[in-house]
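Given the coordinates of chain U, assemble chains P and R onto it according to the supplied hints.
Same order as they appear, the protein sequences are chains U, P and R. Residues in the first sequence are numbered consecutively from 1, following the numbering used here. Residues in the second sequence are numbered consecutively from 1, following the numbering used here. Residues in the third sequence are numbered consecutively from 1, following the numbering used here.
Bear in mind the hints are in silico, worked out from the structure with no lab data behind them. Every value quoted in this text rests on a predicted model; they were computed, and no experiment measured them. Hints may be right or wrong, so weigh each one.
Claimed, not checked - Derived Cβ-Cβ restraints for the label pairs, each shown as a range:
1. 53(U) to 267(R): 57 to 63 Å
2. 22(U) to 21(R): 29 to 35 Å
3. 85(U) to 60(P): 40 to 46 Å
4. 136(R) to 252(P): 18 to 24 Å
5. 40(U) to 23(P): 51 to 57 Å
6. 109(U) to 103(P): 27 to 33 Å
7. 239(U) to 23(R): 28 to 34 Å
Note that the Cβ used here is the ideal one computed from N, Cα and C, for glycine as well.
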Amino acid sequence: MTGRELKRKLIRHPGLVRLAVVAALFLLWEVSARWWIDPTFLSPPSKVIAGLGELFETRGIPAALRITFWELTVAFAISVVLGLAIGLAVGLSRFSNLSMMPIILLLYGIPQSTILPLFILYFGIGPASKIAFGVSHGVFPIVVTIVAGVQNIKPILMTAAHSMGASRWQIFRWVIFPHMIPTFFAGMRLGMSGVLLGVLLAELYVSSAGIGYFTQLFTQAFDPTKLLGLISVLAAMAIVLNEIVRRAEVHFGRWRTD
Amino acid sequence: MSAKQDRRDKIASRLVQIGFLVAVMGLWYFGTAYWGINRILLPNPVNVWHELKDVLSTGEFLPDLKVTLMEIAFAFAISCSTGVTLGYLISRSHFLIKVFEPLLAGFYSVPLILFLPLYVLFFGLGPGSKIALGATISFFPIVLNTIAGFGYVEKIFITAARSMGASDVQMFRHVLLPAAFPVILTGLRMGFTVALLSILGSETLASLAGLGHKIVHLAEAMETPRMFAYIAFAVAIAIFLNTTVSALERRAKRR
Amino acid sequence: MTTGDAAIRVRDVSHQFGEPGDAHFVQALQHTSLDIKRGELLCLIGPSGCGKSTLLNMIGGLLVPTTGTVEVHGKPVRGPLPRDIAFVFQENSLFPWCTIIDNVKLGMVFQGVAKSEQEPRARSALEAVGLKDFMSHYPAQLSGGMRQRAALARALSLETGTLLMDEPFGALDEQTRMILGEDLSVLLSRSEKTIVFVTHSLGEAVFLADRVAVFSARPGRIKEIIDVDEPHPRSPSFVTTEKFSRLRNTLYSLLHDEIRKAVEQSATVAPPS
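Pulled out of the complex, with its shape left as it was, chain U reads as follows (with noise of 0.2 Å):
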């Protein structure tokens, strides 16, 4: 193949030279952890990976993982009914979104990282804490989300049913709720965002055996090969995570023109 259609190749498939990219990221990792940067602060991607079987076999490790989890997917699941309710509530009722909204708005701005300890200091130092903070993060974006979905529902399609003898519950049934779905899964998509990072501060912050005990263990012991192994096993379970949500939300969104 010559330089030219192997050029032309290449711009037919991006995809192809992002991976290159990420393959070339992983090998400057790989050389500069081994020759140029002091173990002591980083490890190369060969011995994260190889570390992994160890990491996953102290003790302790994969009860921590499971109960993060666990928070995640209770988290998630209540701030997903929670801010449903309270995002359909203050959304269809003209007087309670003007009264409401700007509260809310106010409560969403806050930096919660201040508030953290407020947070243990309720629920204690185990999985409440962490479930209670995560909702906290999730449930404002998808209230946000229902509430602007509501709004922007397209006043001719409401004013078609009216002409045709539609009741308000008919309305909410066969006008209103069809067309929340594909905004009601981007708010999840948001709301799994915040999620993450709720629990995955509080979890940080505090455990006497959660994750972020292990963090700070292997922070102090200046073990980077466990301590990027728990990182990446971590962002793996975020992207994964993130990945459902989004999946759901453009299998449900297919109708969508904007």
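Just chains P and R now, with coordinates in the frame of chain U:
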């Protein structure tokens, strides 16, 4: 909906908001003063107010505030310069955009707070790790918005300028930059907000100084009234900074 | 060069998008040749996707033809010729971040006009199109019709020999089009510019043009060229004359089948944007 009904609704909703605030404050006060809620868990608002006045008048907050602001400033400066530069370079070719934009968006979707322990390993508990994490996290909205701003300038403007003989420099200065400006500005505002949040967050988790650290320190010392005072102070600072940045963004976009 | 010489020579030009065998391969224009006389207003009319805009972009140097050559004022066209050719586009091409007068001046900055000349030229062009009182407004504050007037002023201020207009009034309502068409006719009667004007509207073509080139459906070629023998400026009452109706009907009968064909084509393959 008539204008009169609108005005009545607006007044009524304001009343509801005020009523809500009054109810919350009232519950808080009566709960701690008369109904026996544990003072350690929820301090009396009057005490909190006294502590707040004390903190503000003695200037006790200054060293921590300085640390936090300094960390935000450095983090934002780094993410701004690298984000805009890299964003512009990537935006120059549609192919580069197709390669890098999904990569960057993918990175950003991971909760980057996870990397804090790694940065603490590198930089220790001092401001360095906070600045590094803040710069890392705020880099992404800036670079992504810069790519979007420069990369998606409406084709008609580029075609028109080209047809009138614009040179590359003229194209950048008179077409690309003004077209991209509002989007980039939004990215900068988002980057600032995110830098602020991540620095307060990382100060809470692993720090020796700064507002986030101070709050944690007071929590551990069980000095709840003072802690509440600092929380209120930190929240006020955050709201002030975010509002200012948003206002600056709006002013810069105004024609 | 005297009036009547060919200002624009299009020789055996064709254009395709993509390679044969691609999913989105389109033969936009078949082998086409055309001579456009200096000082005349030629209309290109045809169904959607017939290649008239493609031809215009090739004349203006915004597109390189797959085969054939284009010459403007004796120069071969291989890229934009800002000193010889000015464009007016259908889409809003005024820069939203500049005022109207800054928009006009910016065109001259790109072309390379001396700074001292920019202000007077901009002012007179804007006055000529009737926007004297709106020079400090922003495009968003003006109606669609006024924006197109400003785009025209920008093109006129560049003082080129040729003006290429791609459905400039296409996005406007019928009434605005009528007024702008009349004003355009008056404006152009005073100048010696060679103008190529793409339109969908039969009435507009007959009203404005000296000659009308009728295109077939895709792959496009020039089916026929109609002469409109009527001096400029054309009065509004020209539209009511028998001559106008006759010419319009001729265009209609030439175009009707092509339009049907084009509609059927668009249901199966979408041409590239």
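Comparing the hints with the structure gives:
no., hint, verdict
1, 53(U) to 267(R): 57 to 63 Å, "59 Å, holds"
2, 22(U) to 21(R): 29 to 35 Å, "32 Å, holds"
3, 85(U) to 60(P): 40 to 46 Å, "43 Å, holds"
4, 136(R) to 252(P): 18 to 24 Å, "21 Å, holds"
5, 40(U) to 23(P): 51 to 57 Å, "55 Å, holds"
6, 109(U) to 103(P): 27 to 33 Å, "30 Å, holds"
7, 239(U) to 23(R): 28 to 34 Å, "33 Å, holds"
Of the numbered hints stated above, none is contradicted by the structure.
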